[in-house]
Each structure stands twice: as structure tokens, then as C-alpha cells.
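Enquirer: So the sequences go chain by chain: A and B.
Going left to right, the first sequence walks through residues 1 to 203 as our numbering numbers them.
Going left to right, the second sequence walks through residues 1 to 306 as our numbering numbers them.
What follows is a set of in silico ranges between Cβ atoms, one per label pair, in the way DEER data are often shown:
| id | chain 1 | residue 1 | chain 2 | residue 2 | range |
| --- | --- | --- | --- | --- | --- |
| 1 | A | Ser-21 | B | Arg-196 | 48 to 54 angstroms |
| 2 | A | Lys-58 | B | Arg-234 | 45 to 51 angstroms |
| 3 | B | Asp-43 | A | Glu-62 | 22 to 28 angstroms |
| 4 | B | Asp-43 | A | Glu-195 | 36 to 42 angstroms |
| 5 | A | Ala-89 | B | Arg-196 | 47 to 53 angstroms |
| 6 | B | Glu-238 | A | Ala-89 | 46 to 52 angstroms |
| 7 | A | Ala-39 | B | Thr-166 | 27 to 33 angstroms |
| 8 | A | Leu-37 | B | Asp-43 | 40 to 46 angstroms |
In case anyone wonders, no lab produced these hints; they're calculated from the structure.
Here a beta-carbon is modelled for each residue, glycine too, at the ideal position from N, C-alpha and C.
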Amino acid sequence: MNDEPKISDSQQSAEPAAARSTVPMWIFSLTLVLIYLGAVYFDHHGGWFNPQVYSPYKNAEELDSYQPKSGAAEFIAQGKKTYDMICAACHGPDGSGKPGQAPPLAGSEWVNAKGDRRLAEIPLLGLNGPITVKGQPMNFSSGMAAMGAGLSDSDLAAVLTYIRSSWGNTGGPATADDVKAVRAIVAGHGAINGEQELKTIPE
Amino acid sequence: MKTGFRVFIAAFVALGASWCGFVLAPVLQLGTAKQETVLNSSDTYPLQRTGDATLGLQVYRASGCAACHTEQIQQSGVACEIELTSVGKNPDAVEKQINAVFAPSPFFGVNFITNDQNIPYGGPPSIDISHLPQIILNHLEKSKADAVVGGITSAGGKAEIHIVATGADISRGWGIRRSVAADYLYDNPVQLGSLRVGPDLADVGARLGNANWQLLHLYAPHSVTKNSAMPPFRFLFETKKIGDAPSPDALQLPKELVPPVGYEVIPTDDAKNLVAYLLSLRADVPLYEAPFTPPQVSTNTPANKK
Numbered sequence: 001m002n003d004e005p006k007i008s009d010s011q012q013s014a015e016p017a018a019a020r021s022t023v024p025m026w027i028f029s030l031t032l033v034l035i036y037l038g039a040v041y042f043d044h045h046g047g048w049f050n051p052q053v054y055s056p057y058k059n060a061e062e063l064d065s066y067q068p069k070s071g072a073a074e075f076i077a078q079g080k081k082t083y084d085m086i087c088a089a090c091h092g093p094d095g096s097g098k099p100g101q102a103p104p105l106a107g108s109e110w111v112n113a114k115g116d117r118r119l120a121e122i123p124l125l126g127l128n129g130p131i132t133v134k135g136q137p138m139n140f141s142s143g144m145a146a147m148g149a150g151l152s153d154s155d156l157a158a159v160l161t162y163i164r165s166s167w168g169n170t171g172g173p174a175t176a177d178d179v180k181a182v183r184a185i186v187a188g189h190g191a192i193n194g195e196q197e198l199k200t201i202p203e
Numbered sequence: 001m002k003t004g005f006r007v008f009i010a011a012f013v014a015l016g017a018s019w020c021g022f023v024l025a026p027v028l029q030l031g032t033a034k035q036e037t038v039l040n041s042s043d044t045y046p047l048q049r050t051g052d053a054t055l056g057l058q059v060y061r062a063s064g065c066a067a068c069h070t071e072q073i074q075q076s077g078v079a080c081e082i083e084l085t086s087v088g089k090n091p092d093a094v095e096k097q098i099n100a101v102f103a104p105s106p107f108f109g110v111n112f113i114t115n116d117q118n119i120p121y122g123g124p125p126s127i128d129i130s131h132l133p134q135i136i137l138n139h140l141e142k143s144k145a146d147a148v149v150g151g152i153t154s155a156g157g158k159a160e161i162h163i164v165a166t167g168a169d170i171s172r173g174w175g176i177r178r179s180v181a182a183d184y185l186y187d188n189p190v191q192l193g194s195l196r197v198g199p200d201l202a203d204v205g206a207r208l209g210n211a212n213w214q215l216l217h218l219y220a221p222h223s224v225t226k227n228s229a230m231p232p233f234r235f236l237f238e239t240k241k242i243g244d245a246p247s248p249d250a251l252q253l254p255k256e257l258v259p260p261v262g263y264e265v266i267p268t269d270d271a272k273n274l275v276a277y278l279l280s281l282r283a284d285v286p287l288y289e290a291p292f293t294p295p296q297v298s299t300n301t302p303a304n305k306k
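Take these sequences, add in the hints, and give me the full structure.
Expert: Rendered as C-alpha cells:
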């Protein structure tokens, strides 16, 4: 019945105590190697606490390389900016025009022409006199001044691209080279005199 | 207590370190977050919610939607697609450049340029020149996509690179890119959720943008989604006697759910606010930190140049 382990007096009094000893060298080395690997991993994957870097991107450079360079969209955005600043006052921000002031651009056959040469000449030279748009003859108290003559080739091309691709229009894009060529052709010419003269310009 | 001071210091350092990690670092990273500009556009994102949608967030919270729905789209990778827009004057040279991509490398005859299972190794894509623009390659890494586009350009053709986010959530159709901090700028509290009994809702306004569908789904989920695990939220609706004229808000219910003659089911303000909130959940624009090429909305065909 007496199963209790016997504890001798000597065992009771001898409290075990750990002796001091140095940490083994290999633990030090292992810790250093792990810290080093951790730092390398962080360097490659951590994004350096940049709040704009999310997985799956590893760093800001990689994120930059994946930015879509949609040239066309940017070009149209540039065109919209210029249009809203200069053209929208008369032609309206939605291209619907203003009665007695400016014809609509949305759905206009002049804007949706095959090429962009004739259309480019209007802002470059200005346009006087009545014009028929979408089968409706329109009369204006004053013509359009050469609003686009002061714009750079690229800005004017962007505006043309914007109006030819917005509000349901289906014209093709215009390039700065197109505008440059047209500008060279029409240099020194006065304002276009009404629809009659406009029709003589090739599309 | 000889070690009391040391225990205090140790506890202070441990708690202080976790406070720095969990509170200070996030505040330094995102505490000054503001509206940002949508990529390649002058629009700002996100927009402040309308009043009813702001109230709807509280209905969402009170109804426990976050118990079964998350609002966080995960993204595991990013890939490039190449869209051929023009073959220029020398279609053969362009085709040669594209085919060169598929030429087996000298190493074991394996092509390393694409890991898309849909494209057989060594087999060039068939290009129908009469139907441009056309996606000719996908699942490419950026560097390889750049190389291919460089080749096409040098042969006189034109091609664009489309950036596409990939991942399980995105292939489920739950969204088009990953969720980022900016998506939650006007959420208070943020309803991230952690369990997906139902689908993710971070982009639900763009996926299911019909308010009537949403109301019907809240009233009777099974009537619009078979096998839905969602309980009906009938307490957000009232069955009322029709007054002088039927209410324009009344639900158009299927036969088996139609209320008795002379009655109609009308959504309460809570239901309308909740739906306004759901429709305001749209994570569908490209941002700098989550770039992708938005799908083309314009159907413009390039006109012939003069």
C-alpha cells in the first residue's frame, strides 16, 4: 500500500540549479543566417512599406511597368480637356451645338467624314456662312474664328480625335502629323467661305 | 519583487512593439489616404456615397450581411494580352514575328514564352487579318509581351498590350481587379467580412446593377437565384393593402409569391437604402495600385485614312 516514492533528506535539501554557460555558436550563426534570409525576402517582396504596392506586385518598379499605356485613351482625354476649355462654349460639352451660334458635332456628317483633312481645316482657318448639318440648313449670325490655329498640332489632333470618337461619332483618330500636313497646305488661306467652299476641300 | 521593474519594461516593449505594428504603421501608410485619379482619365475615385447609400451601409451592417459576404476581391497575378490592331503594309513580316514567338527554343524544344494551356507549344495562333483588332496572345509576362510588341512594331504592324488581373475571384466573375485601400475610403465601418457563404460583393453594383433585381433577391432569393443559400429578408418589406392606385414601388413577384388580391409588397426605406448601398459597390475602375486595361466600350471602327 505504501507506494509513495521515498524522498531522502539529501534530495530535498539539494535544490537543482542551472549553471551559467555560453550560448552555442551554432545558434548564433543560425539566427544570423535566418535574419539575413528574412531581410533578403523582405527586400524582394515587402514593397518597402509603400502603401501603393499590393500583391502580386513586389515593388514600385514592377507596378510601374504594369501601368497600361493606353495611348489612345490618354490622347482622347487630352482632347476632351482642350475641347471643354475652348470649343464647348459654343458647340456644347456634349457636342449638341447651340442654335444660332454653332452647329452640333454629335452625329454630324462633317465630323464623321472618311478622312480628317476637311474637318481639320475648319478650326485652322475658321468658317463663315451657313452650313447644312444632318439635313438641316443652319444660319449663324457670325462665323467661326480660326480657334484651332493657336493650338499645337498634337492638341488639335487630340481635339479632332475626341470629337470624332465621342457622342456616338464614328470617325477615325487624327494624328499630329495629319494636322501638321494640313496646316502646311492651308498656310496663308483666309476663313473658309461657307459650305460651297468647304465641299471643294477633299475629305 | 526584485524583477518587477524588468517585467514592466518587457511588457511595455512587447505591447509597444505590437502597437507600432498594428496601429502606428497602418496610420503612417494609409492615414492620409484621399480620393485619387482613375488611370488614364481625369475622373476621381472613389466618389462619396449618396445619402441613401450611406444609410444603406448601416442596414447592411445591422442585417448581418458581412457574416456571409465579403467585400474583398483577391488577385493572385497579373498577365498581359497582346491585341494586334494593324498589320501595316507587310502582313507576312508581322506574322513571321508572331510565329517567331512560338518557335521552339534550342533548349529541349520547349517554348518558354507562354504558359497558357490554350496555346499549344510551338503552335502559332491563327491570325485572321480581316478581323482586326484581335487578341492574338495572352497570359504573357510583361517583359515577353514587350518583346513581342517590339517585334511586331519593327515589322511595320501595330499592337497594344492589355493588362489583365488574374486570380480565382476574378475568374469567378466577382470583379475585374483586386480590392485596394481606396475602395473603402468612405466605408464606416468597413464591412470586409471573412466568410463566403455567398459571393463577394466588392463589385456587386457593376455586376448586378438592376435595383429591381436586387429588391426581388432580398425578398425571395430563390425566385431569382436557384439554390441560393441566402435567407429571405422579408422584414425589409411590407405587405400593404392597395390604396387608390397600386404603388409604383410594388415588387413584381412570381406567381407563387404574389400576395392576396388587393395587397402589394412594398420595400421599406431600409430595403431601398440597402439596395442603393449595394449598387454603390463598384470596384471597376483601374487605379495606379491596381492597374488593368479597361474593356473597350467604344465600338468605333478606324476609318480609312485619306
